[in-house]
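First to last, the protein sequences are chains A and B.
Everything in the first sequence is counted per the working numbering, starting at 120 for the first residue and increasing by one.
Everything in the second sequence is counted per the working numbering, starting at 120 for the first residue and increasing by one.
Worth flagging that the hints you see were computed from the coordinates, not collected in a lab.
Do not rely on the hints blindly, as some may be mistaken.
Stated by the list, open to error - Straight-line distance between alpha carbons at most 20 Å, and here's what the computed PhoX-like set of lysine-lysine pairs gives: (1) K269/B with K312/A; (2) K433/B with K145/B; (3) K388/B with K388/A; (4) K269/A with K312/B; (5) K161/B with K172/B; (6) K161/A with K172/A; (7) K396/A with K253/A; (8) K381/B with K381/A; (9) K381/B with K388/A; (10) K306/A with K172/B; (11) K306/A with K188/B; (12) K452/B with K320/B.
Protein chains: 2
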Amino acid sequence: MRIILDGMGGDNAPKEIVEGAAITSKLTPHEICIVGDEEIIKRELSNHEHETKNISIVHASEVITNEDKPVQAIRTKKDSSLVKGLMLVKNGEGDMLLSAGNSGAIMTGSLLLLGRLGPIGRPALGALYPMIGKDSIGLLLDAGANTEYKSRDLLNFAAMGSVYAEKVLGIGSPAVGLVNVGTEPGKGPQAHKEAYQMLEKSKGLGINFIGNIEGRDVPSGIADVVVCDGMTGNVLLKLTEGLGFGILGLMSQYFTSSARAKIGALLLKPQLREMKKVFNYNAYGGAPILGVTHPVIKIHGASTHGAVRSGILKALPFVENDVIAAITEEIQKLSEINAED
Amino acid sequence: MRIILDGMGGDNAPKEIVEGAAITSKLTPHEICIVGDEEIIKRELSNHEHETKNISIVHASEVITNEDKPVQAIRTKKDSSLVKGLMLVKNGEGDMLLSAGNSGAIMTGSLLLLGRLGPIGRPALGALYPMIGKDSIGLLLDAGANTEYKSRDLLNFAAMGSVYAEKVLGIGSPAVGLVNVGTEPGKGPQAHKEAYQMLEKSKGLGINFIGNIEGRDVPSGIADVVVCDGMTGNVLLKLTEGLGFGILGLMSQYFTSSARAKIGALLLKPQLREMKKVFNYNAYGGAPILGVTHPVIKIHGASTHGAVRSGILKALPFVENDVIAAITEEIQKLSEINAED
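All chains should be built: construct the whole structure from the sequences, respecting the hints.
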């Protein structure tokens, strides 16, 4: 396998990205091809032990930054690490792309350069989500790529998410829930009502649909695959982050409010450290872009070398288990069923 | 003022509702009129000290339960405590209705029996929200009444929420944020893009619009009035509840994982109790239904007597400051401005 890594994307690029690649090169037999400014990448690499036969570099003279407008950047920065990385994957010179760069540009580039997968109208951004109710990781999609959507898109998100959860996250027969304002079938906007019916009909076809779920059920882990429209998914993810930080902030404020409290907090130090880990998304792996023709993974913009390492390692099954083929097959089955309407 | 209280709605009705009314009767000079089964209400009242001149009872033989379908219940249960309570308000025999009953029925009843306020197409359900970043309470709307919506609805939510936050929550020039997938003006669904433009134009008219806010900003308190479509608002509220419980659950699990941790938790007991209070919505007051012709407050279904008391006391300015008139005036100003388009 040849893994393409955008060496220049992300808040800590290229330093942490290259260090992550170096560490990972000693842990897998796969080739990691870093795309970016060759001179800079080489210099960074020289600072870290690595398995030379597993590392290669492809030069790219430009960088797409977070300030760049996605469509324009993809069209004009042809020699950027992201565009070059995507083209390597498209041309069969790489099996998967990972980038910590501009999310919009990664999504847009995947769409414009790689293209949609079969009949999928709207690719989705998946996001790993901590199911704190049962100490596991689930997949939430769409995490914000599509704020306009139809019932068919929600159905496709369910199918793609289900395949990814099974083949990459290793969850057998993942439970799929549709986020809605109530659990009853007739709830929510028209697109959700229709998607509910389609998902009910598709139950025998590999989607373990458990029905509508409410906001409060998301972190409980009742569903391994949390299906939502892009607005809802984006707000869910960001609120989880905001509340996590907010509550940790409250804790450090309250837990230092008296001498007695400070001693208590000291005794609880290992537990408090464990709790913080729950909200450390980096450790879980990256976020897949699903519904395009090749595997693409967005890793967190603030990724450190550890996050790069787990991003790469946890994404290997995306290629090894040929998730793209499995999604294609699943979507095909679903379109036959729902064409009967 | 004559406050109409649905004595039969809610998980703990009539017991806790009546006890709440009894306590409150000694704290305000206003009349609290409890609607419900007269015999039962009288018996419950006799168990609690109360100011007799401030309490009255209107008999209602039926009850709308949480299992009832809203539209059907409002149409057929004419002698229910909710329908009778709403009719008292409509006919000028009461100034405000509070109920802990079936939310859908309260919303539907307000809409069908009281009617929309002026040009407001879709009334909203407001919800008080704990701004943990700055230890204050804000208003979020719509909390789930409208999953189909237009830009004009979002504008109206902003106007109504702004008036309520100022006149009832006592926040001077409340900051109004529009929940979206990004902070830039061009983000999100079409209705949000348009609403952003309308809100920008309406800045001089009493709405202190601060722009788009993201999910992570909601609990920070950057906006006192959090404007969102019903799906997003509903999910935001319920996720906050779910995560609050989830994190408290994690804490009690981790904090009892060793003898040392247990001692730490014991020392932190007062702080942990304080933290739980942040997520205790009951203490903040009830949720207003905004955009109908009279003041209606939904109090939490699981309300205890304490929640009933604070629900009533905190809602008094809804009537005292004539919020309905202020909303009417604000909406009028806005329609003039936006009719210019």
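Next on the checklist: Checking each numbered hint in turn, tell me which of them this model violates, lowest number first.
Outcome noted: Number 10 only.
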